[in-house]
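Enquirer: With chain A held as given, fit chains B and C onto it using these hints.
One letter stands for each residue in the lines below.
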Amino acid sequence: MIIEGVILIFLLIGTSFNTLGVLGLLRFPDLYTRMHATTKATTFGSIFTSLSVVVYGLWLFFDSKDSQFMVLAIHAFIAMLALAFTNAVGSHAIARAAHRMGIKPSPAICDRLEEFHP
Amino acid sequence: MIPFIITALFGFFIYLVFTAGSGNIGLWSSSELIAGVALGILTGIVTRNFLCRKKNYRMANPIRLILLAVYIILPFFIEMTKANLDVAYRVITMKIRPGIVRVESNLRTDLGIFMLANSITLTPGTITVDIDEKTHDLFIHNINIGEGDEEKAAFKDVELFSLANLPAWIRRIAE
Amino acid sequence: MNDPWILLPFWYPIIAVLVILMAGSTIRLYKGPTPADRAVAVDTVNTLTVASLILLGVAFREIIFIDVAIVYSLLSFVATLFIAKYLGGEL
Chain A
125 MIIEGVILIF LLIGTSFNTL GVLGLLRFPD LYTRMHATTK ATTFGSIFTS LSVVVYGLWL
185 FFDSKDSQFM VLAIHAFIAM LALAFTNAVG SHAIARAAHR MGIKPSPAIC DRLEEFHP
Chain B
108 MIPFIITALF GFFIYLVFTA GSGNIGLWSS SELIAGVALG ILTGIVTRNF LCRKKNYRMA
168 NPIRLILLAV YIILPFFIEM TKANLDVAYR VITMKIRPGI VRVESNLRTD LGIFMLANSI
228 TLTPGTITVD IDEKTHDLFI HNINIGEGDE EKAAFKDVEL FSLANLPAWI RRIAE
Chain C
56 MNDPWILLPF WYPIIAVLVI LMAGSTIRLY KGPTPADRAV AVDTVNTLTV ASLILLGVAF
116 REIIFIDVAI VYSLLSFVAT LFIAKYLGGE L
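Residue numbers (this note's numbering), protein chains in the order written: chain A, 125 to 242; chain B, 108 to 282; chain C, 56 to 146.
No lab work stands behind these hints, which were simulated from the structure alone.
Cut-off 25 Å, straight-line C-alpha distance, at most; resulting in silico cross-link-like pairs (PhoX-like, lysine-lysine):
(1) 241(B) / 259(B)
(2) 140(C) / 241(B)
(3) 202(B) / 228(A)
(4) 86(C) / 228(A)
(5) 228(A) / 259(B)
(6) 140(C) / 228(A)
Computed from a predicted model, the values in this text were never measured in an experiment.
Isolated chain A, as found in the complex:
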């Protein structure tokens, strides 16, 4: 009963942060601020939904001693790690390419990169 509650709480945290990420993607005014919303919020939300699967797999493994649930937990954990690291690097690559392409941060207080390579 407690573990079911933990899984449900993880899933609710994950989906609410994913929802906030997509809302930020739709509401923010320019590319860089949109990227803030998608990178942080969707990575965090997907980590929590995957963590619920890890908890579920470990629970069933200690409940039934069937090794397929161990496989489930380990592989969900690896998928979570792959997701977290690739998202950060991918967003960095898109931001760098966008600035080289000539997209300026449109509401901006200051832009030091503009002075560095115009």
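Expert: Same frame as chain A, now just chains B and C:
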């Protein structure tokens, strides 16, 4: 020879993680172990010049790997939670004051710069946009610059994190 | 022979929410004023796809879906890097 051994052991370890729970020698079956040894040696022969390109074996030290795991679980995860609450606040209220600033760090190794850039991307209010290759300074898009801070030529890297001193952790792990 | 999988009722509603979110981010994919905005939207759709594939693997009781999710996340990472290289004019 040393890059080959490190790469082969690393590949073998990854294969063991992926096939855990397949048999009863420990957690693995004998055919999976033999396939893992063969594939590890093959991976070591093919990619030995990619993993240890700088002839720098600092990360083969197990203490640094344990510190890396502790770093991800404790201080980094706390900062990430704070970052997401911050993003939630900004999405709902739309109070933003964005801009790109320069941040100087004293890290020299590639791995240190990589970890600092990724930590900045996933922690409060900032994403990394570009890097100055000569001085290893980072250019960071900050979603909420404080009043008067836009006059500064460069930030220090510790000013970006409020709860934990992440650059000191990175320096201990990667330098 | 009892069933080792314990039935939980809330996988499918969560997956439905994630699919609705994917449809929402395709609005940005359609509107986005610059190509980089569209790349960000595609990246978001990929992340949500991986998350829902992991949940689908539990809901359908197929562990192979999670391996598909790992490979999908790595391939979408490579695709994102190449889109970024193309946009930055380095290709």
